[in-house]
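All chains, full assembly: derive it from the sequences and hints.
As they're listed, the protein sequences go chains Y and E.
To convert a position in the first sequence, counted from 1, into our numbering, add 1.
To convert a position in the second sequence, counted from 1, into our numbering, add 891.
Be aware that one or more of the hints could be misleading.
The calculated DSS-like cross-link candidates involving lysine-lysine, where the alpha carbons are at most 25 Å apart (straight line), are [what the hints assert, rightly or not]:
#: 1; chain 1: Y; residue 1: Lys95; chain 2: Y; residue 2: Lys39
#: 2; chain 1: E; residue 1: Lys955; chain 2: Y; residue 2: Lys39
#: 3; chain 1: E; residue 1: Lys955; chain 2: Y; residue 2: Lys74
#: 4; chain 1: E; residue 1: Lys897; chain 2: Y; residue 2: Lys26
#: 5; chain 1: Y; residue 1: Lys39; chain 2: Y; residue 2: Lys65
#: 6; chain 1: Y; residue 1: Lys26; chain 2: Y; residue 2: Lys93
#: 7; chain 1: Y; residue 1: Lys95; chain 2: Y; residue 2: Lys74
#: 8; chain 1: Y; residue 1: Lys65; chain 2: Y; residue 2: Lys93
#: 9; chain 1: E; residue 1: Lys897; chain 2: E; residue 2: Lys955
#: 10; chain 1: Y; residue 1: Lys99; chain 2: Y; residue 2: Lys65
#: 11; chain 1: Y; residue 1: Lys99; chain 2: E; residue 2: Lys897
#: 12; chain 1: Y; residue 1: Lys74; chain 2: Y; residue 2: Lys99
#: 13; chain 1: E; residue 1: Lys955; chain 2: Y; residue 2: Lys65
#: 14; chain 1: Y; residue 1: Lys26; chain 2: Y; residue 2: Lys95
#: 15; chain 1: Y; residue 1: Lys65; chain 2: Y; residue 2: Lys95
#: 16; chain 1: Y; residue 1: Lys74; chain 2: Y; residue 2: Lys93
#: 17; chain 1: Y; residue 1: Lys26; chain 2: Y; residue 2: Lys74
#: 18; chain 1: Y; residue 1: Lys26; chain 2: Y; residue 2: Lys65
#: 19; chain 1: E; residue 1: Lys955; chain 2: Y; residue 2: Lys93
#: 20; chain 1: E; residue 1: Lys955; chain 2: Y; residue 2: Lys99
#: 21; chain 1: Y; residue 1: Lys39; chain 2: Y; residue 2: Lys26
Covered by chain Y, according to a simulated footprint, are these stretches of chain E (three or more residues, beta-carbon under 8 Å) [stated by the list, open to error]:
#: 22; region: 900 to 907
#: 23; region: 957 to 971
#: 24; region: 1001 to 1012
Everything labelled a hint here was simulated from the structure, so no lab data went into it.
Backbone N, C-alpha and C fix where the C-beta goes; we use that ideal spot for every residue, glycine too.
This is what each chain is made of:
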Amino acid sequence: MGPRKRSVGSGARGPRDKVKTMANKILIPTPLRPFTGKQDAVEVDGTTIGELLGNLTAQYAGLKPHLYNEQGKLRSFVNVYLNDEDIRYLEKEKTAVKPGDTISIIPSVAGGNEPESKN
Amino acid sequence: MAESLKLMPGIADAIRRHGVDTYPNECCGALIGADGLVEHVAPLPNTTEEGARRRFLIRPSDYKFVEQEATRLNRELLGFYHSHPDHPARPSQYDLDHAFPFFWYVIVSVQQATPEDMTVWRLADDRSQFREAALQDA
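Shown next as structure tokens:
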């Protein structure tokens, strides 16, 4: 094991230099809260939406099958908002995240009956 | 059917009435309560653009509204209901593909503008199927 790298900065060790990455708040919808210890919001590090969601599902593995499909893509009925903007209209999972931004996961509740049978 | 969802008096009628009002289109709405007891329903607009006779969609802003409303009432968002006009009260593959865990999904069949069976379902943990639960009056 090599020497552990300290955080960058003046070299002074104080509470401000203990974390180099930033944490953002992710709001969790009701049906996914059982996977986050009933928390309605969690703090996760990351610089893009994709990274944040990756870290979120690494931390709370039970979320993964409900957020991503078998091909590893975000499910179509899972909406992710950066503050009040749907990431589909930004740069999707490559959307950059700034300190203080809030990410919301909001379900698209949809359904219906079987398509019309062919005559 | 190990699990059961209980409905306070008037809830089942409110869901049936909504299904009749929107017939031949699908209705949809939220179920609010606690500990498997539905105390309030919130009828919501069906915003699908894929044909409301076969589909429903609750827009994210309405989802957020009912989740906040449940919190305001010191209750939980328990799930959602919708109608199947002229189809049985059984979930479709489309319902399954769009389901979330832990939510209760109530379906009312409306045949020729007359409400018939009402059922309730929950998603299996592995997302492979819905499991039917019992629907009871409280």
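Verification of the hints:
With a CA separation close to 28 Å, the supplied pair lysine 95 of chain Y and lysine 39 of chain Y exceeds the 25 Å bound. The hinted pair formed by lysine 955 of chain E and lysine 39 of chain Y meets the criterion: a straight-line CA distance of about 18 Å does not exceed 25 Å. A C-alpha spacing of about 23 Å is found between lysine 955 of chain E and lysine 74 of chain Y, which places the hinted pair at or below 25 Å, so the restraint holds. Simply put, lysine 897 of chain E and lysine 26 of chain Y have alpha-carbon atoms about 35 Å apart, too far for the 25 Å limit, and the pair is violated.
Between lysine 39 of chain Y and lysine 65 of chain Y the alpha-carbon distance is near 16 Å, which keeps this suggested pair within the 25 Å criterion. The hinted pair formed by lysine 26 of chain Y and lysine 93 of chain Y meets the criterion: a straight-line CA distance of about 18 Å does not exceed 25 Å. A hinted pair counts as satisfied when its Cα atoms are at most 25 Å apart, and lysine 95 of chain Y with lysine 74 of chain Y qualifies at roughly 13 Å. For the hint linking lysine 65 of chain Y to lysine 93 of chain Y, the alpha-carbon distance of about 18 Å falls within 25 Å, and the restraint holds.
Restraint check: the Cα-Cα separation between lysine 897 of chain E and lysine 955 of chain E comes to about 24 Å, which is no more than 25 Å; the hinted pair holds. The hinted pair formed by lysine 99 of chain Y and lysine 65 of chain Y meets the criterion: a straight-line CA distance of about 24 Å does not exceed 25 Å. Distance hint between lysine 99 of chain Y and lysine 897 of chain E is unfulfilled; the C-alpha atoms sit about 44 Å from each other, more than 25 Å. Distance restraint check for lysine 74 of chain Y and lysine 99 of chain Y: the Cα-Cα separation of roughly 23 Å lies within the 25 Å cut-off, and the hinted pair is therefore satisfied.
Distance hint between lysine 955 of chain E and lysine 65 of chain Y is fulfilled; the C-alpha atoms sit about 22 Å from each other, no more than 25 Å. About 17 Å separates the Cα atoms of lysine 26 of chain Y and lysine 95 of chain Y, which keeps this hinted pair within 25 Å; it holds. About 18 Å separates the Cα atoms of lysine 65 of chain Y and lysine 95 of chain Y, which keeps this hinted pair within 25 Å; it holds. For the proposed pair lysine 74 of chain Y and lysine 93 of chain Y, the alpha carbon gap of about 11 Å is at most 25 Å, so the pair holds.
Between lysine 26 of chain Y and lysine 74 of chain Y, the direct Cα distance comes to roughly 22 Å. Compliance with the 25 Å bound is thereby established for this hinted pair. A threshold of 25 Å between alpha carbons decides the hint, and for lysine 26 of chain Y with lysine 65 of chain Y the separation of about 18 Å falls inside it, so the pair holds. Taking the CA atoms of lysine 955 of chain E and lysine 93 of chain Y, the gap is near 21 Å; set against the 25 Å cutoff, the hint holds. Distance hint between lysine 955 of chain E and lysine 99 of chain Y is fulfilled; the C-alpha atoms sit about 23 Å from each other, no more than 25 Å.
Restraint check: the Cα-Cα separation between lysine 39 of chain Y and lysine 26 of chain Y comes to about 15 Å, which is no more than 25 Å; the hinted pair holds. With 0 residues carrying a beta carbon less than 8 Å from a beta carbon of chain Y, the region 900 to 907 of chain E misses the three-residue requirement, and the given coverage is violated. Taking a C-beta to C-beta cut-off of 8 Å, the region 957 to 971 of chain E contributes 5 residues in contact with chain Y, enough for the three needed, and the coverage statement holds. Beta-carbon proximity to chain Y at under 8 Å applies to 0 residues in the region 1001 to 1012 of chain E; the threshold of 3 is not reached and the given coverage is violated.
The structure fails to meet hints 1, 4, 11, 22, 24 from the earlier list, while all remaining hints are met.
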